[in-house]
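Student: Single-letter residue listing:
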Amino acid sequence: MPPLLQVSDLTKHFPVQGSFLEAMLSRKKDVVRAVDGISFTINPGEIFGLVGESGSGKTTTGRLLVCLTQPTSGEIRFDGEDIAKASSTKLREFRRRAQIIFQDPTAALNPRMTVGQAIKSALDIHEIGSNAERREEVLRMLERVGLTPSEMFYDKYPHQLSGGQRQRVVIGRAMILKPEFVVADEPIAMVDVSIRAQILDLMLSLKKDFGLTYVFITHDLATANYFCDRIAIMYLGKMVEVGLKDEVFKSPKHPYTVALMSAIPIPDPKHKHQRLIPRGEIPSPINPPSGCRFHPRCPSAFDRCSKEEPGMTKISDTHYVACHLFNSTPSS
Amino acid sequence: MRIRDHFIELFQTHDQVTTKEEAVSRTTKLLDSLGIGGDRIDDYPHQFSGGMRQRVMIGLALALEPKLVIADEPTTALDVIVEAQVLELLKQLKEKHSLTLILITHNIGIVAEMTDTIAVMYAGHLVEVGPTTDIFEDPLHPYTKGLLESAPNVLHPERSMRPIPGIPPDLLNPPSGCRFHPRCAKAFEPCPVREPRLVKRDGRLVACHLYD
Numbered sequence: 002m003p004p005l006l007q008v009s010d011l012t013k014h015f016p017v018q019g020s021f022l023e024a025m026l027s028r029k030k031d032v033v034r035a036v037d038g039i040s041f042t043i044n045p046g047e048i049f050g051l052v053g054e055s056g057s058g059k060t061t062t063g064r065l066l067v068c069l070t071q072p073t074s075g076e077i078r079f080d081g082e083d084i085a086k087a088s089s090t091k092l093r094e095f096r097r098r099a100q101i102i103f104q105d106p107t108a109a110l111n112p113r114m115t116v117g118q119a120i121k122s123a124l125d126i127h128e129i130g131s132n133a134e135r136r137e138e139v140l141r142m143l144e145r146v147g148l149t150p151s152e153m154f155y156d157k158y159p160h161q162l163s164g165g166q167r168q169r170v171v172i173g174r175a176m177i178l179k180p181e182f183v184v185a186d187e188p189i190a191m192v193d194v195s196i197r198a199q200i201l202d203l204m205l206s207l208k209k210d211f212g213l214t215y216v217f218i219t220h221d222l223a224t225a226n227y228f229c230d231r232i233a234i235m236y237l238g239k240m241v242e243v244g245l246k247d248e249v250f251k252s253p254k255h256p257y258t259v260a261l262m263s264a265i266p267i268p269d270p271k272h273k274h275q276r277l278i279p280r281g282e283i284p285s286p287i288n289p290p291s292g293c294r295f296h297p298r299c300p301s302a303f304d305r306c307s308k309e310e311p312g313m314t315k316i317s318d319t320h321y322v323a324c325h326l327f328n329s330t331p332s333s
Numbered sequence: 262m263r264i265r266d267h268f269i270e271l272f273q274t275h276d277q278v279t280t281k282e283e284a285v286s287r288t289t290k291l292l293d294s295l296g297i298g299g300d301r302i303d304d305y306p307h308q309f310s311g312g313m314r315q316r317v318m319i320g321l322a323l324a325l326e327p328k329l330v331i332a333d334e335p336t337t338a339l340d341v342i343v344e345a346q347v348l349e350l351l352k353q354l355k356e357k358h359s360l361t362l363i364l365i366t367h368n369i370g371i372v373a374e375m376t377d378t379i380a381v382m383y384a385g386h387l388v389e390v391g392p393t394t395d396i397f398e399d400p401l402h403p404y405t406k407g408l409l410e411s412a413p414n415v416l417h418p419e420r421s422m423r424p425i426p427g428i429p430p431d432l433l434n435p436p437s438g439c440r441f442h443p444r445c446a447k448a449f450e451p452c453p454v455r456e457p458r459l460v461k462r463d464g465r466l467v468a469c470h471l472y473d
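From first to last, the protein sequence lines are chains A and B.
Quick note: to get my numbering, add 1 to the position in the first sequence (first position is 1).
Quick note: to get my numbering, add 261 to the position in the second sequence (first position is 1).
A couple of the hints might just be wrong.
Claimed, not checked - Dumping the calculated DSS-like pairs for lysine-lysine here, alpha-carbon to alpha-carbon at most 30 Å:
{"id": "1", "chain 1": "A", "residue 1": "K251", "chain 2": "A", "residue 2": "K315"}
{"id": "2", "chain 1": "B", "residue 1": "K352", "chain 2": "A", "residue 2": "K271"}
{"id": "3", "chain 1": "B", "residue 1": "K328", "chain 2": "A", "residue 2": "K273"}
{"id": "4", "chain 1": "A", "residue 1": "K273", "chain 2": "A", "residue 2": "K251"}
{"id": "5", "chain 1": "B", "residue 1": "K355", "chain 2": "B", "residue 2": "K281"}
{"id": "6", "chain 1": "A", "residue 1": "K208", "chain 2": "A", "residue 2": "K273"}
{"id": "7", "chain 1": "B", "residue 1": "K461", "chain 2": "B", "residue 2": "K447"}
{"id": "8", "chain 1": "A", "residue 1": "K273", "chain 2": "B", "residue 2": "K352"}
{"id": "9", "chain 1": "A", "residue 1": "K208", "chain 2": "A", "residue 2": "K91"}
{"id": "10", "chain 1": "B", "residue 1": "K281", "chain 2": "A", "residue 2": "K271"}
{"id": "11", "chain 1": "B", "residue 1": "K357", "chain 2": "A", "residue 2": "K271"}
{"id": "12", "chain 1": "B", "residue 1": "K355", "chain 2": "B", "residue 2": "K328"}
{"id": "13", "chain 1": "B", "residue 1": "K406", "chain 2": "A", "residue 2": "K271"}
{"id": "14", "chain 1": "A", "residue 1": "K271", "chain 2": "B", "residue 2": "K328"}
{"id": "15", "chain 1": "A", "residue 1": "K251", "chain 2": "B", "residue 2": "K406"}
{"id": "16", "chain 1": "A", "residue 1": "K271", "chain 2": "A", "residue 2": "K246"}
{"id": "17", "chain 1": "A", "residue 1": "K251", "chain 2": "B", "residue 2": "K352"}
{"id": "18", "chain 1": "A", "residue 1": "K271", "chain 2": "B", "residue 2": "K447"}
{"id": "19", "chain 1": "B", "residue 1": "K357", "chain 2": "B", "residue 2": "K406"}
{"id": "20", "chain 1": "B", "residue 1": "K406", "chain 2": "A", "residue 2": "K273"}
{"id": "21", "chain 1": "B", "residue 1": "K355", "chain 2": "B", "residue 2": "K290"}
{"id": "22", "chain 1": "B", "residue 1": "K290", "chain 2": "A", "residue 2": "K271"}
{"id": "23", "chain 1": "B", "residue 1": "K281", "chain 2": "B", "residue 2": "K406"}
{"id": "24", "chain 1": "B", "residue 1": "K406", "chain 2": "A", "residue 2": "K208"}
{"id": "25", "chain 1": "A", "residue 1": "K86", "chain 2": "A", "residue 2": "K179"}
{"id": "26", "chain 1": "B", "residue 1": "K447", "chain 2": "A", "residue 2": "K273"}
{"id": "27", "chain 1": "A", "residue 1": "K157", "chain 2": "A", "residue 2": "K208"}
{"id": "28", "chain 1": "A", "residue 1": "K273", "chain 2": "B", "residue 2": "K355"}
{"id": "29", "chain 1": "B", "residue 1": "K328", "chain 2": "B", "residue 2": "K290"}
{"id": "30", "chain 1": "B", "residue 1": "K290", "chain 2": "B", "residue 2": "K357"}
{"id": "31", "chain 1": "A", "residue 1": "K246", "chain 2": "B", "residue 2": "K355"}
{"id": "32", "chain 1": "B", "residue 1": "K352", "chain 2": "B", "residue 2": "K406"}
{"id": "33", "chain 1": "A", "residue 1": "K273", "chain 2": "A", "residue 2": "K308"}
{"id": "34", "chain 1": "A", "residue 1": "K86", "chain 2": "A", "residue 2": "K208"}
What the hints assert, rightly or not - Derived DEER-like restraints, expressed as beta-carbon distance ranges:
{"id": "35", "chain 1": "B", "residue 1": "A384", "chain 2": "A", "residue 2": "M114", "range": "48 to 58 Å"}
{"id": "36", "chain 1": "A", "residue 1": "P16", "chain 2": "B", "residue 2": "T361", "range": "43 to 53 Å"}
{"id": "37", "chain 1": "A", "residue 1": "T73", "chain 2": "B", "residue 2": "K357", "range": "47 to 57 Å"}
{"id": "38", "chain 1": "B", "residue 1": "A384", "chain 2": "A", "residue 2": "F211", "range": "28 to 38 Å"}
{"id": "39", "chain 1": "A", "residue 1": "P290", "chain 2": "B", "residue 2": "G299", "range": "46 to 56 Å"}
{"id": "40", "chain 1": "B", "residue 1": "T280", "chain 2": "A", "residue 2": "P16", "range": "24 to 34 Å"}
If you are wondering where the hints come from, they were derived from the structure by calculation, not from laboratory data.
The model shown is predicted, which means the values in this text are computed figures rather than measured ones.
From the three backbone atoms N, C-alpha and C, an ideal C-beta is built for every residue, glycine too.
Work out the full structure: start from the sequences and follow the hints.
Tutor: Dropping the structure here:
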């Protein structure tokens, strides 16, 4: 089966706003290298996890994938078509087929719009059905995402709902156009712990109904392990490791992945931690370290790491890692 | 406000005779012990990373050598690696200064790793109090059990992330009787009617009609 989404050498740089004086004195503009040359494919029907710390570029990648922001360079092919170069008709069609679920449902919903209006507006924009049909469709969706009685929820405002219910509205709004591809950016981070699993279960059942493909963005490895089929680990705008969930969790290769895994708090008081925590914190993406970006914090770094950027080395057909420890042949 | 001024203010408020020089030298020593270079004393908070800022906060809490420290979600705003660093620091400081720590958190993994005793709260009430290992092994209150099962566990993904049904209670208008009863699978006649008392059971305290 051809991949649903093919990303090659994608970059997104944001210009840094300096002071007036700095702009006058120097011609060189600083940029934040939020996403800096990543390539991957997403297969139809899978849940692909993008995992990383703050500043790793995972959210920017997610926004690029649904065309909420334009890439600086590189290509995103959705169903064979480069979405950055698509015509406006094609782009409109793409926006129906690809949706995003945001992290903060309170910020994602207009406080002056009722739940019904919020979900219905997508149908209005895409001119699907008559007004009465749209209302019926929204009521069905409210029911589907667990907001019953749907007639009552239709006329409620976001502030009248709990955090979990608001996130159900955001999910309903993403699903109303029956998309094929959904990016979920930390969908449970702002939701009460006791009902996080409810939201994930809802997303899984919607995936079954609609035959969805998900990109699941999270900083929480334990949740990624529960939810995803395949996982990519990002660090400072780069992808350092990608593989099937079990490959990445049971035999992590990149020293950064190993460190992340060992840092996860385990809900078992008898568990003895064998922690390999690198010193320091993720450096600035304005002046990232040379060579491998993790080398200043890496316990296994050697000469080559600061000089040469590692390419992806194949571990298995599905497991790849960007680390010189696993690549003995020097590239030119 | 520079880091220096935060500490000078703290020392001088509580100890009138402390000179600025004394306060600065105590601050430098303290920052060193927290893994922040003492030379950063003149920096402003925005010049620090999130983890470093939290280290400064820990320093402010420890500066007056307290016996009790209350840490309210101390790592919630931090990434997983920095979180592990800060937890490690808290553990060391706790040993070194023989501190008593009240850790407020919603992260079940951190509770398991850091605590000796847990008090579980729901809608403004204590529902269970006891030794950490006992509670993880055999939670008595249905809410405690649900909470533990709703946490993700990387080592056993199949045993984790089971949701608690329903929604968190409205505190303006909390449910009658036991506040957890609308979400509880084991609720029976007395639950919506009477508020359960906190009773002793197997070396712990639990507030649930199943045990009263």
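Student: Hint by hint, note whether the structure agrees.
Tutor: For each hint, the structure was consulted:
Between the alpha carbons of K251 (chain A) and K315 (chain A) the distance comes to roughly 17 Å, so the proposed pair stays at or under 30 Å and holds. With a CA separation close to 16 Å, the supplied pair K352 (chain B) and K271 (chain A) stays within the 30 Å bound. Taking the CA atoms of K328 (chain B) and K273 (chain A), the gap is near 28 Å; set against the 30 Å cutoff, the hint holds. Between K273 (chain A) and K251 (chain A) the alpha-carbon distance is near 17 Å, which keeps this suggested pair within the 30 Å criterion.
Under the criterion of a C-alpha separation no larger than 30 Å, the hint pairing K355 (chain B) with K281 (chain B) is consistent with the structure, at around 28 Å. About 37 Å separates the Cα atoms of K208 (chain A) and K273 (chain A), which puts this hinted pair outside 30 Å; it is violated. Of the supplied pair hints, the one linking K461 (chain B) and K447 (chain B) holds, its CA atoms being roughly 20 Å apart against a limit of 30 Å. Among the hinted pairs, K273 (chain A) with K352 (chain B) is consistent with the structure: their alpha-carbon atoms are about 14 Å apart, no more than 30 Å.
With a C-alpha separation of about 24 Å, the suggested pair K208 (chain A) and K91 (chain A) falls inside the 30 Å cut-off, and the hint holds. Our distance criterion of 30 Å between C-alpha atoms is broken by K281 (chain B) and K271 (chain A), whose separation comes to about 47 Å. For a cut-off of 30 Å, the pair hint linking K357 (chain B) to K271 (chain A) stands: about 23 Å separates their Cα positions. Distance hint between K355 (chain B) and K328 (chain B) is fulfilled; the C-alpha atoms sit about 10 Å from each other, no more than 30 Å.
For the proposed pair K406 (chain B) and K271 (chain A), the alpha carbon gap of about 17 Å is at most 30 Å, so the pair holds. Annotation: proposed proximity of K271 (chain A) to K328 (chain B) holds, straight-line Cα distance about 27 Å (limit 30 Å). Proximity of K251 (chain A) to K406 (chain B) is assessed by CA-CA distance (about 28 Å); at most 30 Å being required, the pair is judged to hold. In summary, the hint linking K271 (chain A) to K246 (chain A) is supported, as the alpha carbons are separated by about 25 Å, within the 30 Å threshold.
The suggested pairing of K251 (chain A) with K352 (chain B) holds, with an alpha-carbon distance near 28 Å, which does not exceed 30 Å. Restraint check: the Cα-Cα separation between K271 (chain A) and K447 (chain B) comes to about 28 Å, which is no more than 30 Å; the hinted pair holds. At most 30 Å may separate the alpha-carbon atoms for a hinted pair to count; K357 (chain B) and K406 (chain B) exceed this at roughly 34 Å. Under the criterion of a C-alpha separation no larger than 30 Å, the hint pairing K406 (chain B) with K273 (chain A) is consistent with the structure, at around 22 Å.
Only pairs whose Cα atoms come within 30 Å are accepted, and K355 (chain B) paired with K290 (chain B) is accepted, the gap being roughly 17 Å. Between the alpha carbons of K290 (chain B) and K271 (chain A) the distance comes to roughly 35 Å, so the proposed pair goes past 30 Å and is violated. Distance restraint check for K281 (chain B) and K406 (chain B): the Cα-Cα separation of roughly 52 Å exceeds the 30 Å cut-off, and the hinted pair is therefore not satisfied. Only pairs whose Cα atoms come within 30 Å are accepted, and K406 (chain B) paired with K208 (chain A) is accepted, the gap being roughly 29 Å.
Between the alpha carbons of K86 (chain A) and K179 (chain A) the distance comes to roughly 24 Å, so the proposed pair stays at or under 30 Å and holds. Distance restraint check for K447 (chain B) and K273 (chain A): the Cα-Cα separation of roughly 34 Å exceeds the 30 Å cut-off, and the hinted pair is therefore not satisfied. Note on K157 (chain A) and K208 (chain A): the hinted pairing holds, with a Cα-Cα distance of about 26 Å set against a maximum of 30 Å. For the hint pairing K273 (chain A) with K355 (chain B), the CA-to-CA distance comes to about 19 Å; that is within 30 Å, so the pair holds.
Restraint check for K328 (chain B) and K290 (chain B): satisfied, since their Cα atoms lie roughly 20 Å apart, inside the 30 Å limit. Between the alpha carbons of K290 (chain B) and K357 (chain B) the distance comes to roughly 15 Å, so the proposed pair stays at or under 30 Å and holds. Proximity of K246 (chain A) to K355 (chain B) is assessed by CA-CA distance (about 37 Å); at most 30 Å being required, the pair is judged violated. Distance check on the hinted pair: K352 (chain B) and K406 (chain B) sit about 27 Å apart at the alpha-carbon level, within 30 Å; holds.
Proximity of K273 (chain A) to K308 (chain A) is assessed by CA-CA distance (about 37 Å); at most 30 Å being required, the pair is judged violated. Straight-line distance between C-alpha atoms of K86 (chain A) and K208 (chain A) comes to about 29 Å, which keeps the hinted pair within the 30 Å bound. Remark: the range hint 48 to 58 Å for A384 (chain B) to M114 (chain A) is contradicted by a beta-carbon distance near 30 Å. Separation of P16 (chain A) from T361 (chain B) is about 50 Å and conforms to the stated range, judged on CB atoms against 43 to 53 Å.
Taking 47 to 57 Å as the suggested C-beta distance range, the pair T73 (chain A) and K357 (chain B) conforms, at roughly 49 Å. Between A384 (chain B) and F211 (chain A), the C-beta spacing of about 36 Å keeps the proposed range 28 to 38 Å intact. Between P290 (chain A) and G299 (chain B) the Cβ separation comes to about 26 Å, which falls outside the hinted range of 46 to 56 Å. Between T280 (chain B) and P16 (chain A) the CB atoms are about 48 Å apart, so this pair departs from the stated range of 24 to 34 Å.
Hints 6, 10, 19, 22, 23, 26, 31, 33, 35, 39 and 40 from the list above are not met by this structure, while the remaining hints are.
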